[in-house]
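J.: Using the sequences plus the hints, can you model the full thing?
Chains as they are written, first to last, in UniProt numbering: chain A, 1 to 451; chain B, 1 to 451; chain C, 1 to 451.
I should point out that these hints are in silico values taken from the structure, not numbers from a laboratory. Heads up, some of the hints might be wrong.
Stated by the list, open to error - If you want the footprint, here are the derived chain A segments under chain C, 3+ residues with CB under 8 angstroms: (1) 160-168; (2) 313-326; (3) 375-388.
Claimed, not checked - Per label pair, the in silico range of CB-to-CB distance: (4) A:Phe107 <-> C:Lys329: 17 to 27 angstroms; (5) B:Ile362 <-> C:Gly113: 16 to 26 angstroms; (6) C:His112 <-> A:Asp53: 47 to 57 angstroms; (7) C:Glu327 <-> A:His271: 29 to 39 angstroms; (8) C:Gly28 <-> B:Val403: 35 to 45 angstroms.
No residue lacks a Cβ here, since even glycine has one placed at the ideal position from N, Cα and C.
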Amino acid sequence: MADANTNMRLKLPITCFILEIILIILFGVLVEYDEETDAKKWHHSNHSQYDNDFYYRYPSFQDVHVMIFIGFGFLMTFLQRYGFSSVGFNFLIAAFALQWATLMQGFFHGMHGGKIHVGVESMINADFCTGSVLISFGAVLGKTSPVQLLVMAVFEVTLFAVNEFILLSILGTKDAGGSMTIHTFGAYFGLMVTRVLYRPNLDKSKHKNSSVYHSDLFAMIGTLYLWMFWPSFNSAITAHGDDQHRTALNTYYSLAACTLSTYAMSALTAHDGKLDMVHIQNAALAGGVAAGTAGEMMLTPFGSMIVGFLAGIISVLGYKYLSPILESKLKIQDTCGIHNLHGMPGVMGAIVGAVTASLATIEIYGNGMEEVFPDVADNKRTASYQGAIQAISLAVTLGFALVGGLLVGSLGTQLSPGICQVPGDEGSHEGQLTTVKTEEFAKPEETEKLN
Amino acid sequence: MADANTNMRLKLPITCFILEIILIILFGVLVEYDEETDAKKWHHSNHSQYDNDFYYRYPSFQDVHVMIFIGFGFLMTFLQRYGFSSVGFNFLIAAFALQWATLMQGFFHGMHGGKIHVGVESMINADFCTGSVLISFGAVLGKTSPVQLLVMAVFEVTLFAVNEFILLSILGTKDAGGSMTIHTFGAYFGLMVTRVLYRPNLDKSKHKNSSVYHSDLFAMIGTLYLWMFWPSFNSAITAHGDDQHRTALNTYYSLAACTLSTYAMSALTAHDGKLDMVHIQNAALAGGVAAGTAGEMMLTPFGSMIVGFLAGIISVLGYKYLSPILESKLKIQDTCGIHNLHGMPGVMGAIVGAVTASLATIEIYGNGMEEVFPDVADNKRTASYQGAIQAISLAVTLGFALVGGLLVGSLGTQLSPGICQVPGDEGSHEGQLTTVKTEEFAKPEETEKLN
Amino acid sequence: MADANTNMRLKLPITCFILEIILIILFGVLVEYDEETDAKKWHHSNHSQYDNDFYYRYPSFQDVHVMIFIGFGFLMTFLQRYGFSSVGFNFLIAAFALQWATLMQGFFHGMHGGKIHVGVESMINADFCTGSVLISFGAVLGKTSPVQLLVMAVFEVTLFAVNEFILLSILGTKDAGGSMTIHTFGAYFGLMVTRVLYRPNLDKSKHKNSSVYHSDLFAMIGTLYLWMFWPSFNSAITAHGDDQHRTALNTYYSLAACTLSTYAMSALTAHDGKLDMVHIQNAALAGGVAAGTAGEMMLTPFGSMIVGFLAGIISVLGYKYLSPILESKLKIQDTCGIHNLHGMPGVMGAIVGAVTASLATIEIYGNGMEEVFPDVADNKRTASYQGAIQAISLAVTLGFALVGGLLVGSLGTQLSPGICQVPGDEGSHEGQLTTVKTEEFAKPEETEKLN
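T.: The following block contains the structure:
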């Protein structure tokens, strides 16, 4: 306890202060307003105020923002008595990651005279990158200290930006909703980290994965916000006009179909016909992940529904049959089942994107081809070449995620070998209401009692 | 128990799979992108990207979406220990209904060369129709299996689309916020279904209608989201410009006035001066329902406030005095009190709409008449004729709802006579904390225990 | 008890009815649609529908609306067993205040031929004024009856409108996000009211300030919605284009930096290294308050982050060290710690605004100067004069708030000297789960039991 207290008492404040001061200095040196947020630059030329990208993207940004802070935060509250840490650490990690991501993505995606330009698009991209870190957080939930999570975020954001740069800028991959860059990367990175942090006696404390009544209702808040706003997520940075519109529509249908197949599979695979809240809370979202790459393409509502339908089935099967095997055979303890929600559906989304891209024709896309596949429109590459690039991008992403997760996980254990305690281990176990105590958050009355 | 398990184990998956596969096939055959979501069609002609309806309506759509999934879902969590099923079945029914509604509404509201066109407006309309089904769900909450609910949704969506077609397309009725098409229809349909499903011994298990502390806070989440976003609901599909703006404004004032009269009436009718959370959670929303038809008209803020003020009074009186009578005399067990929140305020909204329409003059509307009452602007009908049509539309809607609900309710009992169990009946009754157990959802720890 | 019941039974309904009827009459006499919501006026001239301010501001309005009803409402649910009253009274006060504010602000900010014009901008401004009342509510939470709260709202809204008129219209102060007009005013007004309502034996019932597990999760819902939507709050009424865009961006960075310094300070000041949920729930928001005045200026992301970083530190220090002193020495019982969340950060925001304004140059703002500092752009005043005006405005606001709060608080005790009971005083105190009973809300089962 003394060590843990010392850790929180000093390590967490020092880490936060150092990171934030570094961020502030780097922002002071490197960051400036872009053309649309700078008073002088915006008023230099003649615009309708509506041309400002703010009006095209800010509502989508706010939906994404809700997904990051409420969606991810509350989805993880299903662990009983760990809700404080789920929401609280989610908040801390996200607030840090979005600042760091602004710098890393700005650095890789093009400096302007040595400066990083910021505006609503950089805000959305930073939130996207943050989402990837939070996916990884889901795999190690309950096994790491906040300091370890911050260290993980530093490296994961960096690797995310490199991988994203290779895909979007070098290879010319399309991945607006991030099936590859966000979901596949975040999931396999997190799975490697949790593998490295494996503790053999953890599998005995199954109670940690149990939930209680109200925890599950809180988790449903997270689920539903993710589900409702996923169309905004996938369409947030697609091209203006039909692209944003179509992406939102495709994602909406994919999610609806996914929900029905999730309920069906959950009841079908249950031993007593009862629906499993974990499936509903997670697998029903797989349709959004799986439409992340192809959502902006001419996937059609029909195609979107098939994608969502299959994603729901795969995800429930993963929770039911694959997760136990991953834990027992591969020693991968995936607390939130991110492999089933983000991993497999992400890979599926990448494949769907590759196939859909390879089938693109000018008959279908017309002049809209320019915005979806600019290289194909400009005859720089064929549609099947674009499809092949999409497939290669999946392999690149998997490589970055697996190797990166392995290295960062090892670094985590090196840096602070003693911290990796499971908060639940100190919890009292009494009948059904076993309490996984959250170490890091004090309840006010406790503070007062001890004073 | 064995039957119920079998039902869930097989009937629910089979129903979900069959329905979703039918939907996918019909979408494949019948649905295509509209001019604003199709890459080729949108880029065929010259637009500003801002002309895309996405930017006019998507923020409203997302607000409506939140009302459907969070608003309706959590409003119904006030039933203690039935929160899973409230939110979970709300989620399932809504995900199905919005797909089916897209087909039914598309079929009736005009095919384009044999195809149904989809975009943000069809998304909003589908969510509207879904809202109507969820209103009916509120009447039978706790009395039906998910399979029964899905069957109900199939027929209710169909009848909704027919009634909506008759009103909007044949009669030329104005009902942007759906006082008639959504609220009146959904409420009286649901009341007839619950009448048919009446079980004489249910009135003994009053505990089912009781709530617990945290359940009521969850329900307040539902209430507040419905309250806050109701201006978006009523304005979501009104004409661009002043119409959307005015509708949102009118609804905002109606709701504010309604809230004050609700608090006043709740305290006034209480035996001990205590406010009743059920009134606050429900009656404060009646102002949104009652402004559903006239919200887009020149109702004035003054008129809107009177409408909301009266709606709150009527709704609380309904909860206090009418609901018990409906249950004891007419054998209508209205679990969520939808008659008080959607039924009476919906009828009131229809009447307000008829009166407001009949008072429309060119002095008041100017050139804006074209968008609110096109037939009056084009001198095809007088304002008083429009008012009469509005009143007739209420009668048509009531007829469809009552006859439809009677038929569908009877069908429901025919199809699965043994399913109609009240989950609460198996619950343990111990003092204040009587538990209405949710059969259909397993808590994770239970699943593990039984494995 | 009899008195309290009589109070609720008659005083609350009478107050609500009288206030709402007065509002309706005044709206009937004084309020009309503005150019953008009136069918005739809008269609009189030629516009693109997009020129309607609805599309510029309605998404921001809805975000602000969520902050007022969900954000403020749930942030105050951290008090155990007082959640009903927190959310419920928040709802009532807000619904009243936004109507009254529309009249008061309309009266002071310019009548149009004897009429108050309403539209989306008046809706946002009314919500802003309501926010100020809810801040004051946070100081007296648990110490006042709903009737007292309504009376407080009547006077506070009026004084708010006068102070806002002096600042924005007479002095030409810039305060888009309301560091002064909303936060400083609301905080110091509320602190004076709670000082006047001081009850010497209240400090013995410390339990009232304690929270329970789920209450804290509900409070985090409030916190996160305030945090996420604060960029919309600060930018909701800034000028179109770069101004709205820049304000949102600055606030976003200020909040992110504030979150890291809050976590750091919370762990650093804790006796055992545990994070204090009260700090996380409140201090992490101080960055939004502190960016309220300067957010629309060319503060730069760098400057915004410094402001947020310092605001978080100040706020946590306030909770930890200043609040106990205020209570013991100055007899100010600040239930929610609004001095730390709104008071000090508001003053800081005003100072940051004064400094930033005094540093404005045409080199930095270009033609954008016209929108941020019109008087400076028109050479009516220098930047340093503008800065001085900003500083004077802070003094004016503090004066209005302190004197106003003193008078209104005294009036409150005069009007209803017997009502000022602490609900918690009747609560049962049993071990850790001491129950602060909410008098004013009945739980349904209680109602039934007593009938």
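J.: Please go over all the hints and tell whether each is borne out by the structure.
T.: Checked hints:
no., hint, in the structure
1, 160-168, "violated (count 0)"
2, 313-326, "violated (count 0)"
3, 375-388, "violated (count 0)"
4, A:Phe107 <-> C:Lys329: 17 to 27 angstroms, "violated, 51 angstroms"
5, B:Ile362 <-> C:Gly113: 16 to 26 angstroms, "holds, 22 angstroms"
6, C:His112 <-> A:Asp53: 47 to 57 angstroms, "violated, 34 angstroms"
7, C:Glu327 <-> A:His271: 29 to 39 angstroms, "violated, 56 angstroms"
8, C:Gly28 <-> B:Val403: 35 to 45 angstroms, "holds, 41 angstroms"
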